[in-house]
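So you can see what is in the structure, the chains are spelled out below.
There are 6 protein chains.
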Amino acid sequence: MNVVVQSIARAEPDVVAGLAECGVATVHEAQGRTGLLAPYMRPIYAGARIAGSAVTISVAPCDNWMIHVAIEQLKPGDVMVVAPTSPSDAGYFGDLLATSAKARGCIGLIIDAGVRDVRDLTEMGFPVWSKCVSAQGAVKETLGSVNVPVVCAGAYIEAGDVIVADDDGVCVVKRAEAAQALKAARARVANEEDKRKRFQAGELGLDMYKMRGRLAEKGLKYV
Amino acid sequence: MNVVVQSIARAEPDVVAGLAECGVATVHEAQGRTGLLAPYMRPIYAGARIAGSAVTISVAPCDNWMIHVAIEQLKPGDVMVVAPTSPSDAGYFGDLLATSAKARGCIGLIIDAGVRDVRDLTEMGFPVWSKCVSAQGAVKETLGSVNVPVVCAGAYIEAGDVIVADDDGVCVVKRAEAAQALKAARARVANEEDKRKRFQAGELGLDMYKMRGRLAEKGLKYV
Amino acid sequence: MNVVVQSIARAEPDVVAGLAECGVATVHEAQGRTGLLAPYMRPIYAGARIAGSAVTISVAPCDNWMIHVAIEQLKPGDVMVVAPTSPSDAGYFGDLLATSAKARGCIGLIIDAGVRDVRDLTEMGFPVWSKCVSAQGAVKETLGSVNVPVVCAGAYIEAGDVIVADDDGVCVVKRAEAAQALKAARARVANEEDKRKRFQAGELGLDMYKMRGRLAEKGLKYV
Amino acid sequence: MNVVVQSIARAEPDVVAGLAECGVATVHEAQGRTGLLAPYMRPIYAGARIAGSAVTISVAPCDNWMIHVAIEQLKPGDVMVVAPTSPSDAGYFGDLLATSAKARGCIGLIIDAGVRDVRDLTEMGFPVWSKCVSAQGAVKETLGSVNVPVVCAGAYIEAGDVIVADDDGVCVVKRAEAAQALKAARARVANEEDKRKRFQAGELGLDMYKMRGRLAEKGLKYV
Amino acid sequence: MNVVVQSIARAEPDVVAGLAECGVATVHEAQGRTGLLAPYMRPIYAGARIAGSAVTISVAPCDNWMIHVAIEQLKPGDVMVVAPTSPSDAGYFGDLLATSAKARGCIGLIIDAGVRDVRDLTEMGFPVWSKCVSAQGAVKETLGSVNVPVVCAGAYIEAGDVIVADDDGVCVVKRAEAAQALKAARARVANEEDKRKRFQAGELGLDMYKMRGRLAEKGLKYV
Amino acid sequence: MNVVVQSIARAEPDVVAGLAECGVATVHEAQGRTGLLAPYMRPIYAGARIAGSAVTISVAPCDNWMIHVAIEQLKPGDVMVVAPTSPSDAGYFGDLLATSAKARGCIGLIIDAGVRDVRDLTEMGFPVWSKCVSAQGAVKETLGSVNVPVVCAGAYIEAGDVIVADDDGVCVVKRAEAAQALKAARARVANEEDKRKRFQAGELGLDMYKMRGRLAEKGLKYV
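Protein chains in written order, with this note's numbering: chain A, 1 to 223; chain B, 1 to 223; chain C, 1 to 223; chain D, 1 to 223; chain E, 1 to 223; chain F, 1 to 223.
The set of hints was computed from the structure by calculation and includes no laboratory data. Ideal Cβ positions, reconstructed from N, Cα and C, are used throughout, including at glycine. Among the clues, some could well be false.
[What the hints assert, rightly or not] Here's a subset of chain E near chain F, in silico, CB distances under 10 Å, partners left out:
hint: 1; residue: I8
hint: 2; residue: G23
hint: 3; residue: H28
hint: 4; residue: P39
hint: 5; residue: R42
hint: 6; residue: G169
hint: 7; residue: E192
hint: 8; residue: F199
hint: 9; residue: E203
hint: 10; residue: Y209
hint: 11; residue: R214
hint: 12; residue: L215
[To be verified] Label-pair restraints from in silico Cβ distances:
hint: 13; chain 1: F; residue 1: R196; chain 2: D; residue 2: P76; range: 18 to 28 Å
hint: 14; chain 1: F; residue 1: Y222; chain 2: B; residue 2: G213; range: 53 to 63 Å
hint: 15; chain 1: D; residue 1: D207; chain 2: E; residue 2: A176; range: 28 to 38 Å
hint: 16; chain 1: E; residue 1: D14; chain 2: B; residue 2: P149; range: 27 to 37 Å
hint: 17; chain 1: C; residue 1: G219; chain 2: F; residue 2: A179; range: 51 to 61 Å
hint: 18; chain 1: D; residue 1: A46; chain 2: C; residue 2: P149; range: 11 to 21 Å
I would like the entire structure built from these sequences, with the hints used as guidance.
This is the structure we're talking about:
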């Protein structure tokens, strides 16, 4: 059955904003190395860093009809997450859809397929993380669903989960765990700041992390 | 038999120029979603937008001899289209060949294989769409053909067809259909301009395209 | 047995510097088209050009422990070369390790796996050539070795070999052959300079390389 | 947090057996074209057809420790489902683990990674669907979890879901929907039997499915 | 415009039969190393060897409607050639369609996408060469064309061309060149028979092909 | 410089034979999980198990000339190892070359590229492990070398090293370490035999390897 879930819970805006600042690598580590989408998901331009609530979109392969349906469900700060039900390299999304989504307050797109009009999207400042760039058009024939759980680039994502994306890729944080993840991520950032200074001063990880004993125990030989 | 076809028909210059302006995604749609090369064909630098007449080059794998032969056949505004007869990641083309091609008026290269000297090519402003970047050199031992039909990155291309290429990839337009494709593409551009404004104003695709009825008919449920 | 070889020979600094200037494509050709790493090894940002002595690091899959060990072995001008013993897309290296390596004088990283914190690395000006970008963290559980021969992206590399890397990819020059390779590369550069001018002036490769006779002999037909 | 869920619900044995008979393609269609794992999941030998309850195993990359943990949780008729938290081609499973699993009544393995000892597994009649065959060994250093939800080859799988696997690949059926899926699959099988006879007798799908009118409406031309 | 070309020319039956006997590798060589489809096209079972006239089918991605249309156009001895207009891994064809096609005399399928029901197809003795095996179903929504030129797995194929397929893959022979290709292929077979005996008797290719002089000239050193 | 090394050392025949019996997975483990070629190297037919001394062949891409040169260097029990200097999917080897190699006592081929005539090779019982099957022919234009070190499918192989290959893939054992590797492999086989019986009797790996304590220490929770 194909459904559009119209009411979804979202994480607190300041939690979402905090996760954006921490970035993908830190958030992924902070939540126990979970939530990462496959590394083939690449940004169409460098430098974008976002976090937002997922509006999930399950589409038939080569069919972008549900994206139109989903746009009506967007709230400011949302991120669209598009997952075809069968692997596809077609281009489901271009500058017109981006204009419409942006008008609703959407801040970016994660799509396990192709995107097109990347020059326009770049000029608009509408970031997209995708499997590929492809001008191949999609049809509007088969229903899908909006705001149901999807698997996108190997990650399980529910509507309202927090999507964090930057030059390192894309990470999902479960909505209910977002505040805790932010706390752990901030602790990690603080901790890294201290380490960065010590590394800059020439201290070695071998000493900072007291690795020498364990390396010797495991049998590492210096020759 | 290996041949060099010396006389080929080309599309009208203003048609070619018009297609460049419309861009790959629009032209591809305008001609019924045909003509797209595989999405692995990526530009070596962002922002290039070209259209030109194809000088096709069928080469033996890892052999770039025929590119030298083809350069003599180039006219100003032409685009070289190189297709090895067996899949290859070698680097068939670098800055010397680009210098020679550019001196003949060639405006870019489409190659279903590798390219090298990408820093120099970028500085020269000579755009290339390729399967990969590779410094692996090619030999000059086996004949191929120039201006015969080729299959390049999954698309069938004849000499004189119009090649359109930009950040979205590469599209081929049959020479005889170029004027018609341009007309359809321009209509599409005009139509999109209107839609863009309406989307910016917040109108939804659901309403603009009158999709609600058909969605309900197909059984989409809002919950 | 897992070892750290602490004393390695390096090529002469001026030879290394000369190879950096010549670049990957030229050096690869100059040494008989050998030494190229697989073309999937791409820089995280455009424009970097380096050459340095390889400190090789054989790591267990998804384990970056040995990179900490290797950093202690780095001398100014060195390039780290990381090769997992089984194919991997994890992110073994980020900005903290880069800070530490840079503090030791390391000028770049070649890794047949993933890297993360690419925005920070770009800002630091620490170039990396990698198979992919991935935020997936690595563990520190299994020993590997430092400064033993490795196969990295299809190339055999020994500690102290010269690594040349730029926008075209990565090439390895055997230490003992570095001076000879530089000589051949410089000859090639000089020779290319002359050719470039002749190409710019419109001379054809067909004439410059006297190819017409051999093409006719092999049976090429002009029609 | 790493957990082993010891008590899981399973589908009715006769439902499971019925799904095995229907096969992957039919079950996938019967449940609305959902549940299919990626097509790269291939059997190590032809002809195996199984269905069983999933014991899910989330493992660290290149670490098969949790498979030992999971084997204790197996009941007769179960199928192990192994998903690394990062993509991997290592060989996590061989004939010794298969011997142990088989002794507990396990009837097969689905693994989004590599398997080894395929000759022995074939002789034992222990079927495996995997991403690849690889002799690369795994370590036992990092915890994972057993019987938690996993994403395996692009599909979301919970412990106790029914896994159907044959020469066409692998499909998951949600436990709560298994009886309904079986009913729909059997209806489909019955329906196909009738169609098969009519096709054998030379009737065309164009007539059987009354497609001619709709084709004409859409504009198909016979020339 | 979507069309079904109803009347196509076919090669002589005895020419087609002769090409089947010669096999893919020989025919490919005999026609100057042309016509090979990409090596990812693999048979679903070993041992099939066929040749037949191509009925070409251009389908929309994930849409198999046109296969039903094409079946009506089949004549005994024909081979269906299916090419989606955008890359796809879905399963467009299964045992019901095979039953229908076989009832019309079709002897096999070449599809640049997925196939399903491979166990049934194997039992029926209906050979298929495909990009993958996938149970993912296709829709019937978008028109395509039958008996128009297609690019299938990198090869340009026109209706009525001869398709040769065996364990080595798939090769296309242009209809107008089929008789000539058969003649050249048979000459090659005869020639190889003689060589095979000499090789069995221990004669070396170095001597049989008189390679030693040319190797020495090119500079090969024996050490 | 291109050379043919005519005199190479080989491992003891009984050591080689012993390694064949142990198989790839066991030998790979016995030598510290080293020496494995990439998992894309697959046998053309199931069931072959061989070990032999490597005659290494470095070839130019799409050029099989050096295979003819290498055949003269073969001794009974040798295995040919072919590595192109640039990635290639062409078919460098077929039944004629196999006939010639077999007449010299060669027992198999490892090739990081394509092979053809696989039906004939299967009937001859000449096993090949390759990256792909491809009928695409190779030329005889560019020199390579025989019995020099090569990187084949990611592994460094020297002439005379022992190649072990079976259904699990291909592994290389350094000649000087072959006797030691065999000893370790046999110990492993004996040890596994005992474990196999205990697993068959229902003993768990958790108990056999005393894992429970360490799992608890690391924090695994049973719920």
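Going through the hints against the structure:
1. I8: violated (26 Å)
2. G23: holds (8 Å)
3. H28: Holds - the Cβ of H28(E) comes within 10 Å of chain F, reaching about 5 Å at its closest.
4. P39: Hint on P39(E): holds, closest Cβ of chain F at ~4 Å, below 10 Å.
5. R42: holds (7 Å)
6. G169: holds (5 Å)
7. E192: Holds: closest Cβ of chain F sits about 6 Å from E192(E), inside 10 Å.
8. F199: holds (4 Å)
9. E203: holds (8 Å)
10. Y209: At about 7 Å, which falls below the 10 Å cut-off, the nearest Cβ of chain F leaves the hint on Y209(E) intact, so it holds.
11. R214: holds (9 Å)
12. L215: Check passed: Cβ of L215(E) comes within 7 Å of chain F, closer than 10 Å.
13. R196(F) with P76(D): 18 to 28 Å: holds (20 Å)
14. Y222(F) with G213(B): 53 to 63 Å: holds (55 Å)
15. D207(D) with A176(E): 28 to 38 Å: This hint holds: roughly 35 Å between Cβ atoms.
16. D14(E) with P149(B): 27 to 37 Å: holds (29 Å)
17. G219(C) with A179(F): 51 to 61 Å: holds (56 Å)
18. A46(D) with P149(C): 11 to 21 Å: violated (41 Å)
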